[in-house]
Amino acid sequence: MIRRLIVILGILLLCSGAATAGVNTPADVKVIKARVLKSLMVPHGDDSRVERLVDSIRDDGTWPGIDYKDVSNEGFRHTVHLGNMVLLARAYQVKPSKFYKNRKVRNTIELALKHWVENDYICDNWWHNEVGTPTQLVNLMLITGDDLSKDLVVKTQPIIGRAHIDAPGARPGGDRIKIAGIQAKNMLFIGDGETFEKVIGVIENEIKYVEWIGREYGYTYRLHEGGFSNRSAGGRGIQYGNSFHHRTDGVNNTLSYGLGYADSFIEWAVYTAGTGYAFSEDKIARLVDYFLDGICKMAAFGKYPDPGAKNREVSRHGSLRPFSTRSAEDLLKTTCYRAGELQEIVNIRANDGIKPTLSHATFFWNTEHFAYQRPEWYTSVRMYSTRTYNMEVGYNSEGLLNHHRGDGTNHISRTGEEYSDIFPVFDYQKVPGATIMQKEELPPPGQIQKIGLTDFVGAVTDGTYGAVAFDFKSPHDPLIARKSWFFFDDEYVCLGAGISGRQQLPVVTTLNQCLLRGDVVISSGNQHAVIAKGEREHENVDWVFHDGIGYVFPESTKVSLTNDSATGSWWDINKQTSTPKEKVSMEVFKLWLDHGMRPSDATYEYIVVPATSLEKMRQNNATKNIDILVNTPYVQAVRHTGTDICQAVFYKGGEVNIGDNLTLSSDNPGIVMVKMKNGAITKISVSDPNRELTRFNLFVSVRIEGGGDNWHAVWHAAKGGSHIVIELPYGNYAGDSVTIEF
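Numbering (mature numbering (1 follows the signal peptide of the UniProt record, and there is no 0)), first residue to last: -21 to -1, 1 to 721.
Rather than coming from a laboratory, the hints here were simulated on the basis of the structure. Note that CB positions come from ideal geometry on N, CA and C, so glycine has one too. Careful: at least some of the hints might be erroneous.
[Stated by the list, open to error] Computed list of lysine-lysine pairs in DSS-like fashion (alpha-carbon distance at most 27 Å, straight line):
| no. | residue 1 | residue 2 |
| --- | --- | --- |
| 1 | Lys77 | Lys187 |
| 2 | Lys662 | Lys603 |
| 3 | Lys334 | Lys187 |
| 4 | Lys134 | Lys93 |
| 5 | Lys83 | Lys134 |
| 6 | Lys334 | Lys312 |
| 7 | Lys512 | Lys452 |
| 8 | Lys595 | Lys334 |
| 9 | Lys312 | Lys12 |
[As the list claims (entries may be wrong)] Restraint-style ranges between C-beta atoms, simulated for each label pair:
| no. | residue 1 | residue 2 | range |
| --- | --- | --- | --- |
| 10 | Lys452 | His517 | 26 to 34 Å |
| 11 | Ser18 | Gly575 | 56 to 64 Å |
| 12 | Ser303 | Asp639 | 28 to 36 Å |
| 13 | Leu432 | Glu355 | 30 to 38 Å |
| 14 | Asp639 | Trp550 | 57 to 65 Å |
| 15 | Lys129 | His296 | 40 to 48 Å |
| 16 | Thr58 | Pro22 | 28 to 36 Å |
| 17 | Arg37 | Lys80 | 20 to 28 Å |
| 18 | Asn640 | Ser303 | 21 to 29 Å |
| 19 | Met576 | Thr394 | 34 to 42 Å |
| 20 | Glu355 | Gly699 | 24 to 32 Å |
| 21 | Lys452 | Gly180 | 43 to 51 Å |
| 22 | Lys656 | Lys603 | 14 to 22 Å |
| 23 | Tyr709 | Met576 | 42 to 50 Å |
Could you put the whole structure together from the sequences, leaning on the hints where they help?
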């Protein structure tokens, strides 16, 4: 409570103008340097570990257990050597440590640093040379450089100096801002105020939206705003819509490099706050928008990373651990903009059981990712198109089985821990939500990344509800499907049509694969039973219940199900030299539909009911609320009778009866959501997944006349309906939704 009051008081001081920037002064530099140093001194380290490091260092300045010859992408355990030096430096400089100003500790640091500068280890992975190693060494200099041999300090500078704003790796986006931060710290250490000011300007200027011209992939990308030294962003950085691309492949990096990007900016926003170097409110506001509307909306409850938004990092232990409060707390130190929302994120992340007050349906149109949050559950859909690649390359031998993890992936979170460290035992050909051809083995890791083959990929949303469509054509297998998802308050509907394969192999659609938590109950013919562990098929299934989530079939269906132990290893998916090779076992729940060998025009229909109970499942309310209007390769549509919302996907122009003698027609492909009340249409939302249209043409069999800034409607008495024309977003906003209200 006291901590929260302090944060709130700080916000009030900021909002009252107590923290304002002025002209740069040498005193400002001293303040910033002191803040940087303070952040580096916590924690000071484990005294027993310090003692072991002092006792175990060899005469040549090396430590046992590190292979100094292996500088490969997968190896380079030299990072341990660097980390040891920084730990020793903290112990040497922090008074609570019993090694404070201990000469033996200082001698150990100098011996280890002497070894490093004499050997100047260069890794095959450029990141270590321009980011990892300079980061550790500049931290070492700031903490204890003034107490070290001047000769060693001088010899360290060229190695730290590889991190500079014109370095090859300082590409716009995540790497550039991180490298600039390293250089800024080094300028503080050596006292170069002029270069420090220039670098701070680079960091601030990196907070901007960039143009992503995915349709013209392979040509030129342009910055929406001017870059530094006329360098093109190449599509890297914050996208319109608040997702993040680290490279020019369009892959979603919001929860990987995009996190580091945000944290680097936040770090310097805090360091410079209240000084002449403080960032503008406009830049900080844009970063807050990205943090809240990008990072937090790709996290279950704003706290747990969405597995569908993760790439090769799922092959690292702990990749789905909950986020800390630090980023939100630090932003609150710099601005009062959206302070209430930031404080809610702090509260959620600091306390178990606190859920968000705001529900949302968010489509990141430049990244083909959809996120959906309700107070008690979270879900998402990951896709790709001709505008984006399917998945990150398995760089540095990580994420080696990720071939299908973008194929309409649909993870479901009720607690945020359903998929925690499941990935060494994961069946990568049964990915939640995806329709996949089952092969004897996956292609080599070098074939993971593929560009999408279809244009019609997108979603419609009014910010609260939404529908998603994926015209899926596998870049790995001869397989096509038209897949859609329709999201409401207590459930969502999953439809598939036109599922066809041209190879004599089975094709399956997986409803979920997650950690097994408790009993699995199946209902068939109104008979409910807890099933024994194992793998088996079940006929005529009405619904399946596991871990507070129900899977309902409008028509009794044959399902395949596993609730048993699965075995694998981290080494199977990550070949870093530090990766454990021993086998691990976990209890896994896996539910899928088998479409058979070489299916032709197969379909599926199921409803997911998160955050439910066995008693509610027995009442089977899900099917009472949902009316599946049509499920063909041309139109897929659902009506929710409780909210009176209809959502329809038109893969080409078509017509659908949405109930109460009301017909909805579209002249063009697209996604439509209609909200009704007492038989009258009150709201329409539309989007163009193809990103080709300038306007959307609809016909509805009710009388609507008039218009607004971006729409007009004309009543045709002879046709018994109204023609509605809605202007669509274009350029950087193509693929976003438009909502009109009557």
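**Request:** Decide if the proposed pair is consistent with the structure: Lys312 and Lys12, CA atoms, cutoff 27 Å inclusive.
**Result:** Given that 27 Å is the threshold and the Cα spacing comes to 17 Å, the pair holds.
**Message:** Run the distance test for Lys334 versus Lys312: straight-line Cα separation, threshold 27 Å.
**Reply:** holds, 23 Å
**Asked** Within a Cα-Cα threshold of 27 Å, do Lys77 and Lys187 meet the stated pairing?
**Response** violated, 46 Å
**Ser18 paired with Gly575, Cβ distance criterion 56 to 64 Å** = holds, 59 Å
**Asked** Is 24 to 32 Å a correct range for the gap between the Cβ atoms of Glu355 and Gly699?
**Response** violated, 43 Å
**Request:** Just tell me: holds or violated, for the beta carbon distance of Ser303 and Asp639 against 28 to 36 Å?
**Result:** violated, 50 Å
**Message:** Taking the Cβ atom of Thr58 and the Cβ atom of Pro22, is their distance within the range 28 to 36 Å?
**Reply:** With Cβ atoms ~18 Å apart, the hint is violated.
**Item:** Satisfaction of the hinted span 30 to 38 Å by the C-beta atoms belonging to Leu432 and Glu355
**Value:** This hint holds: roughly 37 Å between Cβ atoms.
**Prompt:** Is 57 to 65 Å right for how far apart the beta carbons of Asp639 and Trp550 are?
**Reply:** holds, 59 Å
**Prompt:** Is 40 to 48 Å right for how far apart the beta carbons of Lys129 and His296 are?
**Reply:** holds, 41 Å
**Holds or violated: Lys595 to Lys334, with C-alpha atoms at most 27 Å apart** = holds, 22 Å
**Request:** Note whether the CB distance of Lys656 and Lys603 lies within 14 to 22 Å or breaks it.
**Result:** At 20 Å between Cβs, range holds.
Of the numbered hints listed earlier, those contradicted by the structure are 1, 3, 7, 12, 16, 18 and 20.
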